[in-house]
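Chain by chain, the residues run as shown.
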Amino acid sequence: MGALLAATTSIAATREGQAALPAFATAVDLHKAMVYSIAWQFLRDRVAADELAQDVFLQLHKNWARIESPAHMVFWLRKVATHRAIDAARKRKAHAETSLEETDEPTVLERVHDSFLSSYLQRMVASLPEKLRGVIVLRYQEEMELEEIAKVLDMNVSTVKTQISRALDLLRGKVSRRLGKGTGQ
Amino acid sequence: MTPLEDDLKQALKRQEPAADFTARVLARCAAAELSSKRRFFWSAPVWRMGLAAAAVLLMLVGGSVYQRHEHEVKGMAAKRQLLLAMRIAGTKLQEVQQRVKESEQVEQ
Chain A
1 MGALLAATTS IAATREGQAA LPAFATAVDL HKAMVYSIAW QFLRDRVAAD ELAQDVFLQL
61 HKNWARIESP AHMVFWLRKV ATHRAIDAAR KRKAHAETSL EETDEPTVLE RVHDSFLSSY
121 LQRMVASLPE KLRGVIVLRY QEEMELEEIA KVLDMNVSTV KTQISRALDL LRGKVSRRLG
181 KGTGQ
Chain B
1 MTPLEDDLKQ ALKRQEPAAD FTARVLARCA AAELSSKRRF FWSAPVWRMG LAAAAVLLML
61 VGGSVYQRHE HEVKGMAAKR QLLLAMRIAG TKLQEVQQRV KESEQVEQ
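Sequence order for the protein chains is A and B. Position one of the first sequence corresponds to residue 1 (the numbering used here), numbered consecutively onward. Position one of the second sequence corresponds to residue 1 (the numbering used here), numbered consecutively onward.
Check before you lean on any hint, since a few could be wrong.
The list that follows gives simulated cross-link-like pairs (lysine-lysine, DSS-like), each with its CA atoms no further than 27 Å apart [claimed, not checked]:
{"hint": "1", "chain 1": "A", "residue 1": "Lys-93", "chain 2": "B", "residue 2": "Lys-13"}
{"hint": "2", "chain 1": "A", "residue 1": "Lys-91", "chain 2": "A", "residue 2": "Lys-62"}
{"hint": "3", "chain 1": "A", "residue 1": "Lys-93", "chain 2": "B", "residue 2": "Lys-9"}
{"hint": "4", "chain 1": "A", "residue 1": "Lys-79", "chain 2": "A", "residue 2": "Lys-62"}
{"hint": "5", "chain 1": "A", "residue 1": "Lys-79", "chain 2": "A", "residue 2": "Lys-91"}
{"hint": "6", "chain 1": "A", "residue 1": "Lys-151", "chain 2": "A", "residue 2": "Lys-131"}
{"hint": "7", "chain 1": "A", "residue 1": "Lys-161", "chain 2": "B", "residue 2": "Lys-9"}
{"hint": "8", "chain 1": "A", "residue 1": "Lys-62", "chain 2": "A", "residue 2": "Lys-161"}
{"hint": "9", "chain 1": "B", "residue 1": "Lys-13", "chain 2": "A", "residue 2": "Lys-79"}
{"hint": "10", "chain 1": "A", "residue 1": "Lys-161", "chain 2": "A", "residue 2": "Lys-79"}
{"hint": "11", "chain 1": "B", "residue 1": "Lys-92", "chain 2": "B", "residue 2": "Lys-79"}
{"hint": "12", "chain 1": "A", "residue 1": "Lys-174", "chain 2": "B", "residue 2": "Lys-79"}
{"hint": "13", "chain 1": "A", "residue 1": "Lys-174", "chain 2": "A", "residue 2": "Lys-62"}
{"hint": "14", "chain 1": "A", "residue 1": "Lys-174", "chain 2": "A", "residue 2": "Lys-91"}
{"hint": "15", "chain 1": "A", "residue 1": "Lys-161", "chain 2": "A", "residue 2": "Lys-174"}
{"hint": "16", "chain 1": "A", "residue 1": "Lys-93", "chain 2": "A", "residue 2": "Lys-151"}
{"hint": "17", "chain 1": "A", "residue 1": "Lys-62", "chain 2": "B", "residue 2": "Lys-37"}
{"hint": "18", "chain 1": "B", "residue 1": "Lys-37", "chain 2": "A", "residue 2": "Lys-161"}
{"hint": "19", "chain 1": "B", "residue 1": "Lys-13", "chain 2": "A", "residue 2": "Lys-131"}
{"hint": "20", "chain 1": "A", "residue 1": "Lys-131", "chain 2": "A", "residue 2": "Lys-161"}
{"hint": "21", "chain 1": "A", "residue 1": "Lys-174", "chain 2": "B", "residue 2": "Lys-13"}
{"hint": "22", "chain 1": "B", "residue 1": "Lys-13", "chain 2": "A", "residue 2": "Lys-91"}
{"hint": "23", "chain 1": "B", "residue 1": "Lys-92", "chain 2": "A", "residue 2": "Lys-151"}
{"hint": "24", "chain 1": "A", "residue 1": "Lys-151", "chain 2": "B", "residue 2": "Lys-79"}
{"hint": "25", "chain 1": "A", "residue 1": "Lys-131", "chain 2": "B", "residue 2": "Lys-79"}
{"hint": "26", "chain 1": "B", "residue 1": "Lys-92", "chain 2": "A", "residue 2": "Lys-79"}
Derived from the structure by calculation, the hints contain no laboratory data. Only a predicted model underlies this, so the values are computations on that prediction, with no experimental measurement involved.
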């Protein structure tokens with residue numbers, strides 16, 4: 001493992017004219033929460049999300065020589081993680097699909113506490129179609145600009161806008177109907 | 001930003017994976033690296049060239065050993081023929097000597 005770390009550090013050191021890349025281990029530490037959370041939002045299963053995130057970093061390690069800068073690495077990780085997560089979610093969909101309408105009603109307690117609202121919203125997001133979910137996760141978890149989302153998901157900016165609006169409408173309708181809260185405005 | 005969007009940001013906060021996540025990733029990368037090095041080692045051009053060189057060397061050495069063996073066989077055959085020729089010549093010589101002695105005795 002020492003050789004691996006040394007190799008990745010030396011790759012970083014040889015790049016000129018660009019912000020230096022961190023060593024591979026540091027890169028994993030820096031971005032593991034981002035990659036894992038993207039996987040989690042799609043799979044909602046700790047083991048599966050952990051495995052998917054590991055696969056993404058393994059792929060990053062194989063493609064390490066092609067990474068040009070820290071910003072490129074973040075873009076690459078988001079893109080690979082999102083596409084892999086969409087694929088994995090589609091595969092799992094065959095086993096158990098949860099539609100917006102099938103999602104459980106929140107209990108009285110859930111209406112009281114914001115943490116329950118968060119949990120409810122997470123379930124609502126998880127019930128969105130994969131592409132819409134990808135757009136929402138990148139927009140509100142990763143706080144990415146529309147142009148960046150368009151690049152990651154290989155879409156037009158206008159399509160991203162439309163999909164966000166569609167997803168928000170779906171969520172708004174569901175949340176205001178079920179929680180009777182002013183979040184839909 | 002609408003209240004729903006604020007709520008979404010709150011709900012979709014990043015989560016940390018298990019504490020040993022980085023160590024497990026590095027272990028998998030090291031294992032993958034080792035396995036690809038092994039594969040590269042056996043499929044490397046240097047190995048293929050080495051095997052070809054060894055085959056050529058084996059053929060040269062084999063050819064040389066065979067030639068030497070052939071040479072020895074031919075030498076032994078020639079030796080045998082020479083000995084046979086000498087034996088025949090010796091017998092003929094003895095016969096001639098015998099006849100010379102006999103004719104001398106007749107003259108006396």
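Results for each hint:
no.: 1; hint: A/Lys-93 with B/Lys-13; in the structure: 24 Å, holds
no.: 2; hint: A/Lys-91 with A/Lys-62; in the structure: 25 Å, holds
no.: 3; hint: A/Lys-93 with B/Lys-9; in the structure: 25 Å, holds
no.: 4; hint: A/Lys-79 with A/Lys-62; in the structure: 16 Å, holds
no.: 5; hint: A/Lys-79 with A/Lys-91; in the structure: 18 Å, holds
no.: 6; hint: A/Lys-151 with A/Lys-131; in the structure: 14 Å, holds
no.: 7; hint: A/Lys-161 with B/Lys-9; in the structure: 17 Å, holds
no.: 8; hint: A/Lys-62 with A/Lys-161; in the structure: 34 Å, violated
no.: 9; hint: B/Lys-13 with A/Lys-79; in the structure: 18 Å, holds
no.: 10; hint: A/Lys-161 with A/Lys-79; in the structure: 18 Å, holds
no.: 11; hint: B/Lys-92 with B/Lys-79; in the structure: 20 Å, holds
no.: 12; hint: A/Lys-174 with B/Lys-79; in the structure: 111 Å, violated
no.: 13; hint: A/Lys-174 with A/Lys-62; in the structure: 43 Å, violated
no.: 14; hint: A/Lys-174 with A/Lys-91; in the structure: 25 Å, holds
no.: 15; hint: A/Lys-161 with A/Lys-174; in the structure: 20 Å, holds
no.: 16; hint: A/Lys-93 with A/Lys-151; in the structure: 25 Å, holds
no.: 17; hint: A/Lys-62 with B/Lys-37; in the structure: 13 Å, holds
no.: 18; hint: B/Lys-37 with A/Lys-161; in the structure: 46 Å, violated
no.: 19; hint: B/Lys-13 with A/Lys-131; in the structure: 19 Å, holds
no.: 20; hint: A/Lys-131 with A/Lys-161; in the structure: 13 Å, holds
no.: 21; hint: A/Lys-174 with B/Lys-13; in the structure: 21 Å, holds
no.: 22; hint: B/Lys-13 with A/Lys-91; in the structure: 25 Å, holds
no.: 23; hint: B/Lys-92 with A/Lys-151; in the structure: 109 Å, violated
no.: 24; hint: A/Lys-151 with B/Lys-79; in the structure: 91 Å, violated
no.: 25; hint: A/Lys-131 with B/Lys-79; in the structure: 94 Å, violated
no.: 26; hint: B/Lys-92 with A/Lys-79; in the structure: 105 Å, violated
Checked against the numbered hints given earlier, the structure breaks hints 8, 12, 13, 18, 23, 24, 25 and 26 and satisfies all the rest.
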